[in-house]
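The residues making up each chain are set out below.
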Amino acid sequence: MNDLWSGLSAPVQDGLWLLLILLPAVVTGVLVLRSLRPWPLVRAMLWRFRGPNLLFVLLIAVAVGLGIGLLAQERGLRAGTAAAADKFDLIVAAPGSEVTMLFASVYLQPSDVGLLSGTIYDEVATHPEVALAAPLGFGDSYAGAPVVGTIADFVTYLSDGAIEGRMFETSTEAIAGAFAPVGLGERFEPAHGTGDVALDADNAHAHAGASFTVVGRMAPTGTPWDRALIVPIEAVWEVHGLANGHAPGPDGAGAHDRIGPPFDAAYFPGTPAIVVRSEALWSNYALRSAFTRDAETMAFFPGAVLAQLYRVMGDVRQAMSVMALVTQVLVAASVLVGLLILTRLFRRQLALLRALGAPARFVFAVVWSYAATLLACGAVLGLAVGWLAAALLSRVLSERTDILVTAPLAWPELHAVAGFLSVATLLSLLPGLSMRRLPIVEALRS
Amino acid sequence: MADGLTVSDLEVPGRGGRMLLSVEALSLAPGQSLGLRGPSGAGKSTFLYAIAGLIEGARGRVEWNGTDILSLSPDRRGAFRAAHMGFIFQDFLLFDELSGIDNAALPALFAPRAQRPGIRLRAQEMLGRLGLSDPGRGVDSYSGGERQRVGVARALANDAAILLADEPTASLHRAAADALIEDLAGVARGQRTSVVVSHDPALLARMDRVITIADGRMTDGDLAA
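Protein chains in written order, with the working numbering: chain P, 1 to 446; chain Y, 1 to 225.
What the hints contain is simulated information worked out from the structure, not anything from laboratory work.
You may find that some hints are simply not true.
Stated by the list, open to error - Far from chain P, some chain Y residues (derived; all Cβ distances over 10 Å): (1) P30; (2) G128; (3) A170; (4) L204; (5) A214.
To be verified - Okay, the calculated beta carbon distance ranges per label pair: (6) L58(P) with S141(Y): 26 to 36 Å; (7) D96(Y) with E442(P): 14 to 24 Å; (8) T212(Y) with L58(P): 53 to 63 Å; (9) S141(Y) with V12(P): 48 to 58 Å; (10) D91(Y) with G15(P): 46 to 56 Å; (11) D96(Y) with V27(P): 31 to 41 Å; (12) D96(Y) with V326(P): 36 to 46 Å; (13) S9(P) with A83(Y): 53 to 63 Å; (14) L58(P) with P39(Y): 49 to 59 Å; (15) E442(P) with P117(Y): 33 to 43 Å; (16) L33(P) with R137(Y): 20 to 30 Å.
As the list claims (entries may be wrong) - Stretch by stretch, here's where chain Y covers chain P in the computed footprint (C-beta under 8 Å, at least three residues): (17) 28-39; (18) 346-355.
Fair warning: this is a prediction, and the values are worked out from it, not measured in the lab.
Note that CB positions come from ideal geometry on N, CA and C, so glycine has one too.
The task is simple: from the sequences and hints, build the whole structure.
Encoded structure:
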């Protein structure tokens, strides 16, 4: 049985789950409605109380929609942050917090971190398993966009070569991210620091004289690098008055003309992080252990750090799911109380049916169908609300974090709505049951 | 075929032990019509509901063609009403959201599947016979007289052998009430056993027998068939 189940494709498994979750609703419906035709009267009830009915449907839709919207959003955020870290197989940095380093290098949220020396960079770059070792230099910004220094190969790797224009060739040229505030051919002067610090008058002109021309623009990558202005790492060092990683020529000039590796360890001012891409996936592990050294370097997989973060967030997510479910059930319960009251307004008609000889089961079916129709409409409309909520939240999050977050509704949300629907159809039995012991004559005379 | 009625030792106790209705013996031949009159609160409607098997706690025997409806389970009583009885109410008790024909064919919704087309057909015929020309219209646009005629058509859609009516003309103006009385006489006479509660002398005058109920007891009239 287990083998049979695991032999099925994921969509088939998800589909079967959906059917299984819907089963209580379907079974309840079949049992309640068997050989009965309550719909004309259900329509009459829906129409008679159309105002409150509409309100109930909207209430349920909002409760269900926000619940599944948040679930989808949380998943979208995880997928987005993971996708943004996709190109960062391994990061080597000075010992410290892996999370801080992850935020600095992948999501471009820089903090004060230690630097790695040129010797270490050399060691990493020349390791036989290393295909790409990109030093990163950050701390400057322009118009709110981070200015990041690195090497041309990394820009090519990050953008998969999709660059409009050309690669930077001198230390006064830059590549703009797809949504960076500087267009192709335009010039900019970076300010020291990021955010408010960069707007400070002292910092805004700290690098006076250093200006860059944007010669290329990357296609969107869905990462915070889309807003970045990428310059040769030599330029970052130079604007801070440091050596630029290359030994001066015999005549003392020429160093400024060179950009990119190899670097001369003696003239390498340091880098906070090296993004490493290995020749083969398995060698990442060897590289990680090779560069995990006490008091000298730390190496970590951004994916693994994210997974740890997600594990912590997983608890929050479960709490969120439970809260969403509780909210939905509470709303459904309040709506059912409302339906009980409305059903009492209808009880004279229901008593009439009993007087005319309708079996109690028929009256039960009318009331159940009425309640179940409202809850089901609310749940289905909730899917639309959830989709809209997720789309809006994604847009806001993408704008705020520059991480491309898309949160389409998927199986988990469909399962959640199906679960709500099943619980709702069972809860709908309550108003029906309340009418089973209807005192017919009393109701007729009321 | 109309059903005859035999009532013996019928008692309907109210809350606190007070007797709401007490009928020692009453019988009605198949096809006869019985009018019940009396002051408000005297127990006329209680009698009507009791012989329909609608009052829980009613004691005694109420036999329709030999079937004691009081000895049946609530579900079987319902099934008996659906098969044999038609009800007409003072304030019509229609579903305003439905059309005339849908109201008249209401019993089809819960009848056995095989009987549904027949019920709808009879409802349609009955509406035509009662002069309702546009039965597809919503009943909320009908006059009082028209609404009650829909009520009559509904009562007879299942070809009921027993017709029970509670003040059927009380909500109608005189002309409409007179028209309804003619209709009722036309559809019920001889073919159906009818029990009609009314204050309307014109309606009572058309009944085969009239009994007065006061204070929960039958005080005059011919109790035996």
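Hint-by-hint comparison with the structure:
Annotated as non-interface, P30(Y) keeps its C-beta farther than 10 Å from every C-beta of chain P; the closest such distance is 20 Å. Consistency note on G128(Y): stated as away from chain P, and its beta-carbon is indeed over 10 Å from all of that chain's, at 21 Å minimum. The Cβ of A170(Y) sits about 14 Å from the closest Cβ of chain P, beyond the 10 Å cut-off, so the non-interface label holds. Against chain P, the non-interface label of L204(Y) holds: every CB pair exceeds 10 Å, the least being about 22 Å.
At roughly 20 Å from the closest C-beta of chain P, the C-beta of A214(Y) stays outside 10 Å, upholding its exclusion from the interface. In this structure the hint that L58(P) and S141(Y) lie 26 to 36 Å apart at CB holds, the actual value being about 30 Å. With their beta carbons about 22 Å apart, D96(Y) and E442(P) fall inside the hinted range of 14 to 24 Å. In this structure, T212(Y) and L58(P) meet the distance hint of 53 to 63 Å, their C-beta atoms being roughly 56 Å apart.
Restraint check, S141(Y) to V12(P): a C-beta distance of roughly 54 Å satisfies the suggested window 48 to 58 Å. Between D91(Y) and G15(P) the beta carbon distance is about 52 Å. The supplied range of 46 to 56 Å therefore holds. With their beta carbons about 34 Å apart, D96(Y) and V27(P) fall inside the hinted range of 31 to 41 Å. As the Cβ distance of D96(Y) to V326(P) is approximately 39 Å, the hint placing it in 36 to 46 Å holds.
The supplied range of 53 to 63 Å is met by S9(P) and A83(Y), whose beta-carbon atoms lie about 55 Å from each other. In this structure the supplied range 49 to 59 Å holds for L58(P) paired with P39(Y), their Cβ-Cβ distance being about 51 Å. The beta-carbon spacing between E442(P) and P117(Y), approximately 35 Å, falls within the hinted interval of 33 to 43 Å. Look at L33(P) against R137(Y): about 29 Å separates their beta carbons, and that is inside 20 to 30 Å.
Using a Cβ-Cβ cut-off of 8 Å, 4 residues of the segment 28-39 of chain P lie near chain Y, which meets the minimum of three, so the contact claim holds. Counting residues of the segment 346-355 of chain P whose beta-carbon sits less than 8 Å from any beta-carbon of chain Y gives 6, enough to reach three: the coverage restraint holds.
Checked against the numbered hints given earlier, the structure satisfies every one of them.
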